[in-house]
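Chains as they are written, first to last, in this note's numbering: chain A, 1 to 802; chain B, 1 to 450.
Honestly, the hints are just simulated from the structure, not real lab data. Wrong hints could be hidden among the right ones.
Claimed, not checked - On the chain A side, residues computed to face chain B include the following (Cβ under 8 Å):
| id | residue |
| --- | --- |
| 1 | T297 |
| 2 | T300 |
| 3 | I350 |
| 4 | D354 |
| 5 | F356 |
| 6 | N404 |
| 7 | G405 |
| 8 | R407 |
| 9 | L475 |
Said to hold, decoys possible - Label pairs and their computed distance ranges (CB to CB):
| id | chain 1 | residue 1 | chain 2 | residue 2 | range |
| --- | --- | --- | --- | --- | --- |
| 10 | A | K388 | B | L181 | 49 to 59 Å |
| 11 | B | I257 | A | T300 | 46 to 56 Å |
| 12 | A | E522 | B | Q321 | 33 to 43 Å |
| 13 | B | S206 | A | Y386 | 44 to 54 Å |
| 14 | A | N528 | B | T210 | 26 to 36 Å |
| 15 | A | P586 | B | D252 | 52 to 62 Å |
| 16 | A | P586 | B | Q383 | 41 to 51 Å |
| 17 | B | E212 | A | S283 | 14 to 24 Å |
| 18 | B | T210 | A | R683 | 17 to 27 Å |
| 19 | B | I257 | A | F723 | 17 to 27 Å |
| 20 | B | L181 | A | N528 | 31 to 41 Å |
| 21 | A | I519 | B | D252 | 48 to 58 Å |
| 22 | A | T300 | B | D252 | 29 to 39 Å |
| 23 | B | G255 | A | R465 | 27 to 37 Å |
Glycine included, each C-beta is placed from N, C-alpha and C at the ideal position.
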Amino acid sequence: MFRNLVLIVVGMFIIPLEMYAQTGTLSGQILFEDGQPVAYATINLAKTKNHTLTSENGWFELTNIPYGNYQLEISSIEIDNKVQQIKVNSASNKLNIKVKKAEASVLSEVTVEGASVKREIETKGFSVNVVETKEASLRSIQTNELLNTTVGVKIRQNGGLGSNVSYSLNGLSGSSVRIFIDGIPISTYGNSFNLNSIPPSMIKQIEVYKGVVPGHLSDDALGGAINIVLHKETKTNFNASVSYGSFNTFQASANGLYRFDDSGFTVKASIFHNYSDNDYKVSGRSVVVTGLGGVQTPITARRFNDAYRSTGGMTQIGFTNVKWADQFLIGVTGSSDYKEVQHGAFMTIIPYKDRFLESDAMLGNLTYAKKDLFIKGLDININGLYGKRNRSVSDTVSWAYSWNGERATDFRGNEYQYSWRSQQEGGPTLSQINRTVGSVRTGLSYSFNKDHKILFNHVYSSIDREDSDALRSVLENTFRGTRDLTKNILSATYEMKALDERFKANVFGKFYQQNTVNIDPEIDEESNEIVDDITSANVKDNGYGFTLSYALLPKVIILTSAEKAIRLPNESEVFGNDGDNVVANPSIRPELSHNYNLGFKIGTFSYKKHDFTITTNFFARNIKDRIGLPIETSLNVNDETILYENQGNGTSKGIEAQFEYEYNNNFGLNFNLSRFDLKVINRGVEIDVPNTPFFTMNGSLRYSLKNLIQEDSRLNLFYTMYFTDEFSYLVRQGTNTVGDDFFKIPTQISQDLGFSYVFPSNEFVVSFDVKNVFDKPVYDNLSVQKPGRAFYLKINYRINKF
Amino acid sequence: MKLSYLNYKTLAGILLTIGLNTACTDDNEIDPEQVEDGRWITVAAARMGDNPGDGNGGTLIYSLSSEDAKDPTFSIAPFDNGFIVPSNRTARLQSSEDGNTIFNISYAGDTGGNYSKYTVEGGQDFVKTGTEISIAPYVGSAPRWIKLFDGDQTGSAVYVSAEAQFDDNGTPDDASDDVYLRHEATMGVVTLDLVNSSINEFQESSLKLTDEEEAQGYYISRIDMPTLNTAGDKLYIGARLSKVDPATGESDRNGEILGSKTIVLDYPSLLNPTVITSAVGHGNTNGYRSINSFEYNGSVYQANQGDPNGSHILKIDANNQYDDSYVFSLDDALGTQESYILAWRPASNGKAVVAYRDATSAEGVAGAQGFFALVDLEAKTAQKITDIPYEADFYLFQYQGFVANGSEIYLTQAPVGKNGNIYVVDTETGEVTKGAELVNVEGSHFIGAF
C-alpha cells in the first residue's frame, strides 16, 4: 500500500504534463499615483471569466491564465478606470499598476460588479453566512465571538476563554450542528484544535450553513454546518500578532508562507498559543462561603480554578501553482490544551479545585487540489488526515474548597473532605480516552460549461477509541469495552445557472453509512480465557435537498432551499455507556429532519455614497424520531440500566434578518436579529423547549479615519452590541404563578468598543478592545456568569514581500 | 409622549387589578378564619418537562383550608396560580405536622442541596423564613432527604458512594491474576436542624455486608429514607443492593435478590452502622420520593420494593431487628400479584393508605397505572379503595405526600393531563369523601398533599 502511494507521488513529479496548455499566475499591486494602495478594486481579465478584487493593500492575484496577450481592466469607484495590455508568458508574472484618483464628479455612476467569494456563496440559494475574519484577526476577538454576532447563530459558553461551547443554528443545537475545518469533521482534530483555540488569523472565512448543507460538506448534520476555511493563499507572506489583556490573557499567533517562484516549492507554517487565568469576578446566589453550622455569607469571588492554555500549529510543505497541482502539500497538525474546571454545568456553592481536562492531537495531513485536471472543467480536491488524539480528565483532590479559593470548613469549623473523594460527585478519576482518527475527503467536480456543473464528494472518517482509568484496577480496565466507528458519506450535486445567471439551482443527494463496532472483553466459560465479544451495528440512510436562487431584479434575489437531513445515532446511543448504565439499542433509528428556508437578498443598492443590503430568511425545521432517554418509572427505576430510544418530534420555526449599511467606504453599520419558536412533541403533547434564547439581536458600527496623527495611517473605530432576550430555564408556566424568577435568565445587553490603528507602512497594526464596557452580568446558562469588563491590547505585524 | 406612557401604565395597572380581583373571587378566596379548626392542605403539582408525566417542568404548590379541600364544588388550579418551588428537578417536599410550614431541599441544579422553609399563608402565598443553608457539601447536590418524626425538629439526608477493591497479587500490570475483593461503600449521613436552619451532625462510615455476600459481588449502591425509632436512639436507613460479577468486576444484573436490608446507626451521634436483613421480604427498602417507613406503636413499619413476591410491609421492633414473625404480603392481602408499593402513609390508628401498582395495572402514558388501598397494619389486611376513579394514565410513581389528620388521610388523584380531585379517606370507617377539584394541564400530574 505504502509502496503504491510512493509510486503515485513520484509519478506526479515525473510525468510531464506538457500536453496541457501552459498557464501562469498574474499578481501585483494597484496603487494610486501617490503610492497609496487601492483597496477592493475590480481586476478583470477581458474576454475570460478570470476576475478578482484587490486586497486592502491593493494586492491581487489571478491564477490559471493560459499563456497569451490580454487586456487587464481595473475599476473602482475610487479611481479612473484603466485598461492595460499585458502578456502572460511565464509561470509567475508580476506587475504594479498606478492609477489616477477619480474626480469627485465621476464618482456617482461607477459601480463595482465584481462578485466576491462571499457574495458568490451567499447567492447560491443556501441559507448561509460567510463570515470574513480579515478585520477581526487584527483585533482581540475570538473566533467564537465572531460567530456569535452572525445572524441565526447563538453560541452558549460555560464561562470564559476555553470553556465548553455549544452552537445553535436556528434553534437546533448539540449534535445537530456539525463543524468542519476545510470540510473535515472537527471531531477528527479533537478538543485542542477547535474554535476556542484557532486564532482568526489562521482562518480565511467561516461559512455557516443553516438547515441545508451543501454536498461538499459531508456529515450527518441535521440542523446545519459551520465550515472553517483556513488560508490557502499561495503568496509569500508573514503575519504575527501578540495580545495581552484582562484576566492575564495572553494570545500569540504567527503564520507565514514562503513560495519559491521558480519551482513553486512552498513552505507554510502557523502556530498559536493562548493562555488565560479566567479569574474574573463572579457573584450570585451560589457564590458564598459557609461558616459554623453551615451559615452562608455571600461574597464576590474571583474564579480560581479556571485557567486555560492551548498551543498548536500546522506546518505544510509542497508545491503550489505548478502544472500538476494548484496545491500539493503534506504536513503535520499538532495541538494540546489544558483546561481547569471550576464547576459543573452550574455554579454551585462547592467550586472545584484542581479538576482539569487535557487533550492533545498529532495528525499528519495531505492536501491535493487541481483545477482542470486532465481535461478542462474537471477539478479535484483531496484532503486527508490521520493521527492520534487523546483526552484525559483528572480529579483527585478530596478536600473541599470554598469560593474564596481556600479550603472550605464544615459546620464544626474544620476543613473536610468530600464523601465522594473528588471534586465532582462520582469519585476520583484519572480517565484517559485515546483515539486513533482518520479522515479523507475527496471532491471531484466537472463543469460542462460555465452554467452546468456536477460534483461528487466522499468523506470517510474513522475513530478507534480506547478508554482507561489509572485509578481503576487493571482488571477493570481490561474488561472495559472499546468502540470503533467508521463513517462514509457520499454525495452527488448538480449545479446549474440559467437566464444569464439570474437563475441558479443546486440539487443534491447524500448517502450515509456508519459502522459501529463494540468490543467487550469477557471470560469464556469453558476455556476460562479472556475473549472479545464483538458486536457491530451498521446504519445506512440517505438524504436529499435542493437550493434555488432567482434574481427578480438584478439586486433582488429570492433564495430558497430544502433538505431531508439525517443525524446518525452516535456510539453511546447505539451501544450505551457502561459508566451511565446505558445499554445497547442496536435497532435505534437515525433522527431526521425536513428543513426549509425561504429568503431574500436585497441589494447592494447604492445611492450616492450610501450602500445598503437587506437579507432575510424564514425557516422551518421538522424533526422526527428524536433520540433521548426514557423517563424514570417504577418499572425501570431499579433496573439499573436504560437504553436510548426514538421518542418524538420537534419543530423550529422562525425568521432572521440582517441589514448592512455603508457610507463612503469608511462608515459601516450592521444589524441583525433572529427570533424563533422551538417545540417538541412527545406522546402527543407539545411543549416549548425551555432554556433557549428565542430572541437575539446584534449590532455593530465601524468608522475609519485616514491620516490621523501620521500621513497614510488609518484609524478604525468599532462598536458592537449583543442583545439576548430573557428566557427561562423552566418550561413555560401558568399565567398567574409566582416563583418563576428563580429560573429566569434576565435580558442581557453587552457592549464592546475597540479601535485599531494601521501604521503608515501598513506593516504594523495596533488594536485595543474593551469588552462588556458597562460590566453587565452576562449568562448563557442558568447562574453561570461570563466575564465582566475586560481590556485587551494587540499588536500585529505583517509583511507581504521579502 | 411621556403623558401617554403614564396613561398606558395606569390603565394597565387598573386592568390588572380588576383582572386579579376577579380571578380571586372566582375560585380561590382564602378566608384565614376558616383555618381555625382545620389546617392547611398544600397540594403539590408536577408540570411536564419533555415527556408527559416526567414532572421535570417544575413543582408547584398551592394551599387551601382542610374545609375547602373537602368541598367538591371548590376548585384549584396550581399550574396557573401556584408557587413554583425553587428546585431544578421535582422537589422533594416535606410539611410540618400542623401543615403551617413547608420544608424543601432543592434537587440538582445550581442551588441543589439548599434547604429552605416557607410559612403557608394560603393560596400561592408561601413566605420564606429562616436563613439559607446547604447540605450539598456533605451529601451532594441531589440529596435524598426526609423529615424525621420528632416534632418537626430534624431532617436527615444520606449519601453513599461505592468503589470496587481488587487485589493485584503484587503484579500491578498483569490483569490475569487480579482478584475482586469487595466494594467499599462509604455512607455519609447529615442531620439538619429544621427550626434554626443549621447543620446538627455529619458522619461518614463504611458499610459492610456479610463476607459471603461481599464475595459474591453484592454491595449497597443506594440509600434513602432515614427513620427514627420510637426510643429516638437509632436511625434506620433503607438500602438498595447492586451486584457485580466477581470474575470481571462488571455489573451483574441476573443475581439472586437478597433479603431486604436496613442500615441501623446510633442517633444522634450517627456512628456504629450495622446492617440488618429481613427473612420475610426481599428487594430494596430505599423507596423513591415519599417516606417509606413509619413509626407506629413502638415499632417501625417499612415497605419494600422490587420484591419478587410482591411488596411487603416489614416490621422492625424496638430491639432494632426485623420481626420475622410479622408477615404482611400485599399480594396475599389484596389477592393480587406483582404488587409494588409506590408511596404510603399510616394514620395514628395503625390504618394506612397505600399507593401501589400490580399485575392488573394498565400501561399508561407515563408508566404503570396506580391504585390506592386501605391497609390495616395490625390485622395485616388490605382492601383496594374502589371509590376513587382509576384511569390508565393515573400514575403514582412520583407520588410524595399524604396528609394524616387524626384518622383521616388526604390524597390527590388526577390522571396525567386530566383534572382530578382531592380525596379524604376515613381510615376508621373506610369512607371516602370526594373533595376539591384539581385543575390539570397537558402532560402534568399531582404528586400529593402536605
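Are any of the numbered hints broken by this structure? If so, which, sorted upward? Structure breaks hints 1, 2, 4, 5, 6, 7, 8, 10, 15, 17, 18, 19, 20, 21 and 22.
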